[in-house]
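There are 4 protein chains.
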Amino acid sequence: MEKIMLASDYQEGAHPAIMKRLVETNLLSNAGYGTDEFSESARNRIRTACACPNASVYFLVGGTQTNATVIDALLAPYQGILAAESGHISVHEAGAIEFGGHKVLALPHHYGKISARQLEEACENWLSDGNRDHMVMPGMVYISQPTEYGTLYSRAELTAISEICRKFNLKLYVDGARLAYALSCPANDVTLPDLARLCSAFYIGGTKCGALFGEAVVLPDPGLIPHFFTIIKQHGALLAKGFVAGLQFDTLFTDDLYFHIGDSAIRAADKLREAFTEHGYPLAFDSPTNQIFLTVTKEQQDHLDSFAVSSFWEKPDEDHTIIRFATSWATTEEKISQLIEQL
Amino acid sequence: MEKIMLASDYQEGAHPAIMKRLVETNLLSNAGYGTDEFSESARNRIRTACACPNASVYFLVGGTQTNATVIDALLAPYQGILAAESGHISVHEAGAIEFGGHKVLALPHHYGKISARQLEEACENWLSDGNRDHMVMPGMVYISQPTEYGTLYSRAELTAISEICRKFNLKLYVDGARLAYALSCPANDVTLPDLARLCSAFYIGGTKCGALFGEAVVLPDPGLIPHFFTIIKQHGALLAKGFVAGLQFDTLFTDDLYFHIGDSAIRAADKLREAFTEHGYPLAFDSPTNQIFLTVTKEQQDHLDSFAVSSFWEKPDEDHTIIRFATSWATTEEKISQLIEQL
Amino acid sequence: MEKIMLASDYQEGAHPAIMKRLVETNLLSNAGYGTDEFSESARNRIRTACACPNASVYFLVGGTQTNATVIDALLAPYQGILAAESGHISVHEAGAIEFGGHKVLALPHHYGKISARQLEEACENWLSDGNRDHMVMPGMVYISQPTEYGTLYSRAELTAISEICRKFNLKLYVDGARLAYALSCPANDVTLPDLARLCSAFYIGGTKCGALFGEAVVLPDPGLIPHFFTIIKQHGALLAKGFVAGLQFDTLFTDDLYFHIGDSAIRAADKLREAFTEHGYPLAFDSPTNQIFLTVTKEQQDHLDSFAVSSFWEKPDEDHTIIRFATSWATTEEKISQLIEQL
Amino acid sequence: MEKIMLASDYQEGAHPAIMKRLVETNLLSNAGYGTDEFSESARNRIRTACACPNASVYFLVGGTQTNATVIDALLAPYQGILAAESGHISVHEAGAIEFGGHKVLALPHHYGKISARQLEEACENWLSDGNRDHMVMPGMVYISQPTEYGTLYSRAELTAISEICRKFNLKLYVDGARLAYALSCPANDVTLPDLARLCSAFYIGGTKCGALFGEAVVLPDPGLIPHFFTIIKQHGALLAKGFVAGLQFDTLFTDDLYFHIGDSAIRAADKLREAFTEHGYPLAFDSPTNQIFLTVTKEQQDHLDSFAVSSFWEKPDEDHTIIRFATSWATTEEKISQLIEQL
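Protein chains in written order, with the working numbering: chain A, 1003 to 1345; chain B, 1003 to 1345; chain C, 1003 to 1345; chain D, 1003 to 1345.
Keep in mind the hints are simulated off the structure, nothing from the lab. Some hints could be false.
Copies of the same chain look alike in the list, so a pair counts if it fits in one copy or across any two.
Pairs of lysine-lysine, DSSO-like flavour, derived with a Cα cap of 27 Å [to be verified]:
| hint | residue 1 | residue 2 |
| --- | --- | --- |
| 1 | Lys-1337 | Lys-1022 |
| 2 | Lys-1173 | Lys-1022 |
| 3 | Lys-1022 | Lys-1317 |
| 4 | Lys-1022 | Lys-1273 |
| 5 | Lys-1317 | Lys-1169 |
Could you put together the complete structure from these sequences and hints?
Given below as structure tokens:
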């Protein structure tokens, strides 16, 4: 029997609504590099969804690429970016930020999150250090929503971070690789208009949220990055067939699809969390979105591995491992039931 | 009436065979980052097509990204890359090669091509220069097949270039963004096995040759680039859903599709070249593949613009412009007939 | 007998006035990183000499370092720098500009010089190119005074270039590695105040003009490069003992030393040019400063090599070589007489 | 009265023996770029002192420049460097390592030191991480001897670190900015031949150890970095007047000067440590070389500031500050006595 694959939220293709439109429009001729009508329509729908009619919107391909390109575009060459030491840019992008010449100024995290207070301290420490001109100047803050631990920043927390950023003249950038799973989560109170109001830049994840690929960068201040098109090209991140990305986001932002595409994933994750707990698989930490982290013994892991595919997260001690299951828009109720049956 | 769009070969989606398989497999669960079965199958088919069973094959997203990543991976930090001054990396990649720290050592071109003799001279000049240790060392040769001018290197020419590369210890890299249109061209005598035999690295273009996106990098010597996976990630070029690229190339290399996908484009281009010439629109230069370059007067251009979309190529003098039409696998006979009727 | 060394203008130590002050002040304790009193005095003297009381002045170590640091600081990441293809940054800096991520946009030169007209054309070509957003944007012009060929820009030429730069919003940067030899040359009409008035940035060469090492960067607009201190540090160009550079420039700008330190070198070069010509060693081209370029036959070169050390410049044809002699502030009349005697 | 300056060990010029030779040889003509006889002699003396007759030796200008150049030359583009989070490259080089594209993989330090065990763990963690191909690969270890805290690695500790490096195929690089003060310290048991035997690369500090400027890079394996000359040039670190650096190191390695140039600094530092302790200024931590770190109250700091110049180190709590005094080869007994009198 085939194993139940729940190792990640980028295992399947695209939401059927996207596939349908890709097929329907497949042989139409479009202008290149995102100057087509689908992309323009998608940009307008995103502006509306963000309540930010003047925002600049760009479609890139993947998360690491988007982070590296936006961060490099927004930082001065001598500036670094403050981020949780667990942040994607800190650990899992193979040094893409450093490839662009910038230091990631890593801060201790609390289940993937950093606080306004930590950021304030980091800035104050830099400012009060007599050697600060020999140091990397903090120029920006990176957070992810949801975080790599599946946790969420509240609107109050994000507002506090945004205020610190304004106080210290830092850009604020939010990595929304899994943003749909935040938007579908009852515990979440941060909206797209909140992000547009509080951030310098953020991206709305497509790859993990229903698209074949694609991330939509939103710059609420349209003049924030002059020549960003050329910067995207220089970073190798410009799609010739930009219309393929544009059409996907146009679909995701039609009939509020993006706001509900994560609903079933959240329900499935809640169900899994409950079932794991009941069956004696303790949650490693509380995490309300589409990722489930379990602290398992060797025996428990072997049992789970016999019928399901999860992914390694970390090794807290000799006898235990933290593993991760991830649900997505494509996870069926049947899959979840099958897994629970075998616990 | 809508204009006849022939501005580029990346205007439409994907070959119907690709769309069919994307739809059929859409909800299957796959491993990430190109470790899936479709990608593995595609790699094997490409190895077979190249008669190079040990080759390493990687799937990236677009041409500039592929060039920047491969070139950076193959050059030592202090080396530069010899290329035609008309080469894509020389002019139309927004400095992506320099972003990686490397100088493009540009040579005069002959309708997009450079010769073994030019390369030999460049290397001898560097070697015999008393200040060579203060100069950028040539480490690699970049050519495109077909070239940006639609012209082709013959097997004899490519062999001569390859020999010079071996003589001076240069890597040889071929940009095959439009490779299908070379393979479908009667004038062409360079095969995939030839490329695998003569080059250090080359890529088989997908974006312009039937895929939604994607380029397949072939490294005939599988050990040529240690840790290339990590380098791809560092360049922001690693697809989470690598299976989407893999599946497309798997389809392109099933039933010899890639070898014939350009056939109709070449026939269409030949027909257009004949029609344009007959109607007094002189070819700017001879070019046997899917691009047609015309030298037109202002009046001619206005007439063409009234019913067709071409692209600007260059301005040889005050009174003339060179424009480009491009056919593709998606160009219908009907489209060509409509255009010819209105000449 | 020892050969007469005239291979370069960086063969000897420092002007005796500099050595004297270095010895006198050797054991004084100074603040670090250029915050000492000698450096402050030197900055003020340079501001006065440039008639630019608000200029920012920084001391770096060498020419390539200075070029790479200033150019990287002044260009946006996606911009390139227009320069003569014979310019030092184009050929003899081992790709240091590309290491910083920028393309050198090389233009054909006329004995080391480029013209306002060429620059205007380059900018117009970029602006009128439909693909300009895929290309490297010209952001700056680099010229050297005197040029690598020993030639000089006139004030009229420099003014014309400066006007083009303002018209197209380009920075103008002048490499003054040998500036003292321009200032001492009767043919020169460009003063330090002219440079301060016409340029965005320039550097006053020390290494080749009387110092052990050191180049003084002048930014007429003091706010042009925020955090330049940190940028210098990031480029590895910040001297811990900045006072050693400061003291040298303080001496060079005391009693007009810098304005006359090249006088004897120019006289010596004139004498050599006359003697070579009389003895049948033709000048390769006319060059009024401290470098002498001869086109010699194999026999002539052998004869010269038997008693003098020159340097290789280039090989115009099979039978001839262009070689270079360079005089400096340290070249004695005796040395010149000895050389002429043996012609 | 002038304050007693003990803020750093780079406040004064050069050791009198160096100044003497610079003056004596000032007007001799030398070959450029380190190809002169003084540099060759210095290289040979250093090879002898290191008991490493085949070592490659290069002279660069300053510490940050040397670190950035050597590290960039030794790492593959996708590799990072393990270092103490207090290491100079981690905090006080303004991101110079990241400018070259590399991540500093910072480890917690114990008074400036890291241990073989920490390095082993870091490597094992990377190796055992299922996502390691998405992470920065450790390629090198950076330590400083003495450390930024003035502490020393013992030969046993360095040997253990070297063994871990060999085990995990890491380069080992030692920053010897203050190496003379280690060599003069009774507590030290690491010799130059030990460094040559245990390291991939290290540099012998000149700037802080008796020279006007200059650091000597030693590569025990002469073939370790092909084309290092060009790499140095590309990093803007090549001195035209290389003979000025060569002559200084030639002097430092004549008559064992380098081995004793720090003796008086160590004696002075010991005396200061004793006096401070006696007068109720507690040492922040134990540190046997030429730096003295005190934890002082506001009142104590004000008193010290009234007659001496120290430098800020860090702020452990609201009421205390850690300050640093540094002695050097140039510190006179008189200066120390004056300071002690006023405690």
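So, going through the hints one by one against the coordinates:
| no. | hint | verdict |
| --- | --- | --- |
| 1 | Lys-1337 <-> Lys-1022 | both (24 Å within a copy, 25 Å between copies) |
| 2 | Lys-1173 <-> Lys-1022 | neither (38 Å within a copy, 44 Å between copies) |
| 3 | Lys-1022 <-> Lys-1317 | neither (43 Å within a copy, 43 Å between copies) |
| 4 | Lys-1022 <-> Lys-1273 | neither (30 Å within a copy, 34 Å between copies) |
| 5 | Lys-1317 <-> Lys-1169 | between (38 Å within a copy, 23 Å between copies) |
In summary, the structure is inconsistent with hints 2, 3 and 4 from the numbered list given earlier, while agreeing with the others.
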